[in-house]
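Protein chains in written order, with our numbering: chain A, 75 to 157; chain B, 4 to 170.
Note that these hints are calculated values from the structure, not bench results. From the three backbone atoms N, C-alpha and C, an ideal C-beta is built for every residue, glycine too. Hints are supplied without guarantee of correctness; some may be wrong.
Claimed, not checked - These stretches of chain B come out as covered by chain A in the derived footprint (C-beta under 8 Å, 3 or more residues):
(1) 70-77
(2) 160-169
Stated by the list, open to error - Straight-line C-alpha distance at most 30 Å; calculated DSSO-like pairs for lysine-lysine:
(3) Lys117(A) x Lys90(A)
(4) Lys117(A) x Lys87(B)
(5) Lys90(A) x Lys87(B)
(6) Lys115(A) x Lys77(A)
(7) Lys87(B) x Lys9(B)
(8) Lys79(B) x Lys117(A)
(9) Lys77(A) x Lys87(B)
(10) Lys115(A) x Lys9(B)
(11) Lys117(A) x Lys77(A)
(12) Lys79(B) x Lys115(A)
(13) Lys87(B) x Lys115(A)
(14) Lys79(B) x Lys9(B)
(15) Lys117(A) x Lys9(B)
(16) Lys115(A) x Lys90(A)
Here is how the chains run, residue by residue.
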Amino acid sequence: MDKIIIHNRIRELRFKAGEMTQQALAERVGITRQTVIALEKGKYYPSLELAFRIARTFAIPLGEIFEVADTAPKKIKSKKRTQ
Amino acid sequence: MGFREKNAWFCGVCILLIFIPYFYFSFQYPVEHVSVFLIAVVGLVVLLAGFHAINSIASKSIREAGDVPQADELDKLLELRASKWAGIVLAVLVLVWSMVAMLSVPIEGVSHATLQQPGAAALNELDFTISGTQALFWINLMFAGFVISNLVYYGRLIASYRGFANG
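Chain B on its own, in the form it takes in the complex (with noise of 0.2 Å):
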C-alpha cells in the first residue's frame, strides 16, 4: 500500500472516529456542542499530524529521500476524480439544505415567535425569530454536508487505489 493510500485511509478513518461522536453529542446538546466542536477540531489535528511522523518514521522510502514522495500523474488524477465526486456530493447536499432551510425556518420561525408573543396580533413573516438551539441544529446540519464530502473524497480515492492495487 502506498504513502496516499495508507494517507487517505487514515484521513477517512479518523473523520468517523472523530465526526460520529461529535454529531452525535451535537445534535443532542446543540448549544453545548461548542467546546466539543473545538475539542473535535484540535483532536483531528493531532491524530493527522502524529500519523504522519509515525508513518514518515515507519516508511523506509520517506527516510531515505527525506521527505514524502511527490504526487505522480496517477496520484494526481485520482486526487481530481475524488475531488469531483466530493464535489458533486457538497453540491447536492447544499442545495438540498438551502432548500429545506428556506421552506421550514420562516416557518419554524413564525410559530416560534407566535409562542413567545400569544396575545399579539397576527405576526409580519419578517418577525419571525429562531431560537439558538435552531441554528445550532442548522449549522450543523452544513457542516455535516462538508463532512460528507470529505467522507466521499477519501472513499472515492482509496476506492480508486485499491481498483488498481488488485486490477
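Just chain A, with the same shape it has in the complex (with noise of 0.2 Å):
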C-alpha cells in the first residue's frame, strides 16, 4: 500500500493571520511549539481530533488546511503465466 503524504498550510495561514506565532497558535490549540514546528514541517500528522481544532482557529474548512499529496502509485511487478 502506498504511504500518503500530507501536504498543510499551517505555516502560510499563520502568517495571513495577523503573523500569528507558532507558540500562540499552540496555545490557542493546546499543544506545545514543538508540536506545531513539527506539523509545518510535516514531520507529523496531527489526529483527527488536532486537525479540527486547528481547522477551527483559523475559521476554515479542514480540506483547506491539509491535503492529500499526489502519490506515484507503486509499480506492481507482472508475473507471467506460464500455460
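From these two lone chains plus the hints, build me the complex, please.
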C-alpha cells in the first residue's frame, strides 16, 4: 500500500492570520510549540481532533488546511504465467 | 528545546552521573554498597527536584502559565514509543539474567557449600548455599538492567525529539 503524504498550509495560514506566532497557535489549540514545528515541517500528522481544532482556529474547512499529495502508485510486478 | 526534551536530557544525564559511580563501587564492594544505594537514590531525587525548580523559574512559559506544560498528543506518542523500546530492553535483560542465574547460581551455590564442608558426603543440590556477596552481586545485576532500560527510555525520547527538531 502506498504511504499517503499529507501537506498542510499551517505556516501560510499563520502569517495570514496577523503573523500569528507558533507559540500563539500552540496555546490556542492546546499543544506545544515543538508540535507546531513538527506539523509545519510535515514530520508529524495530527490526530483528527487536533486537525479540527486547527481548522476551527483559522475558521476555515479542514480540507483547506490539509491536502493529500499526489503519490506515484507503486509499480506492480507482473508475473508471467506459464501455461 | 522544549520543556520535555530538557527534562529527558537532564534525567538521562543524572542517571549516568549517579549510577556509573554507583555500579563501579557496588560491583567492587557488594556488601558495603547498601548505604551507597541510599545515597544514590536520595542524590537522584534531589538533583531532579532541583532541576524542576530551576527549569520552572527559568522558563518563561512555565512562569506565565504557573504550571509545567501538559503533554500533548505528540509528547504522548513519543513517550509511548520510548516505553516500548525500554520495555523490550528490560524484558530481554530480565530473560538473560534469569537464564544465567538459573544456570550459574546452583553451580556456584553447590561449590560454595562444598568449600564450607570439605569432609561432607555428596551434597544434594538442594543443600546449596550462596554467599551474601554473590547474592548482592546478582541483585545489583538485575538493578543494572532496570537502570539500563531507563537510559534507553530517555535516549529514545531525546532521539525522537531531536529527529522532529532537526527534520
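Hint consistency between Lys87(B) and Lys9(B) [alpha-carbon to alpha-carbon, up to 30 Å]: It holds: about 21 Å lies between the C-alpha atoms, which stays within 30 Å.
Given pair status - Lys115(A), Lys87(B), alpha carbons within 30 Å: Satisfied, since the Cα-Cα distance of roughly 25 Å is no more than 30 Å.
Pair hint Lys79(B) and Lys9(B), alpha-carbon separation not exceeding 30 Å: Holds, because 16 Å separates the two Cα atoms, which is no more than 30 Å.
Agreement of Lys115(A) and Lys90(A) with the hint, judged by alpha carbon distance not exceeding 30 Å: Holds, because 18 Å separates the two Cα atoms, which is no more than 30 Å.
Restraint check for Lys117(A) with Lys9(B), where alpha carbons must lie at most 30 Å apart: 20 Å, holds
Agreement of Lys115(A) and Lys77(A) with the hint, judged by alpha carbon distance not exceeding 30 Å: 17 Å, holds
Verdict on chain A covering the stretch 160-169 of chain B, criterion of 3 CB contacts below 8 Å: holds (count 4)
Pair hint outcome, Lys77(A) versus Lys87(B) [Cα-Cα no greater than 30 Å]: 24 Å, holds
Restraint check for Lys117(A) with Lys87(B), where alpha carbons must lie at most 30 Å apart: Given that 30 Å is the threshold and the Cα spacing comes to 21 Å, the pair holds.
Outcome, coverage of the stretch 70-77 of chain B by chain A - at least 3 residues whose beta-carbon is closer than 8 Å to one in that chain: Holds: 5 residues of the stretch 70-77 of chain B have a Cβ under 8 Å from chain A.
Holds or violated: Lys117(A) to Lys77(A), with C-alpha atoms at most 30 Å apart: 14 Å, holds
Agreement of Lys79(B) and Lys115(A) with the hint, judged by alpha carbon distance not exceeding 30 Å: 19 Å, holds
Going down the numbered hints, you'll see the structure goes against just number 5.
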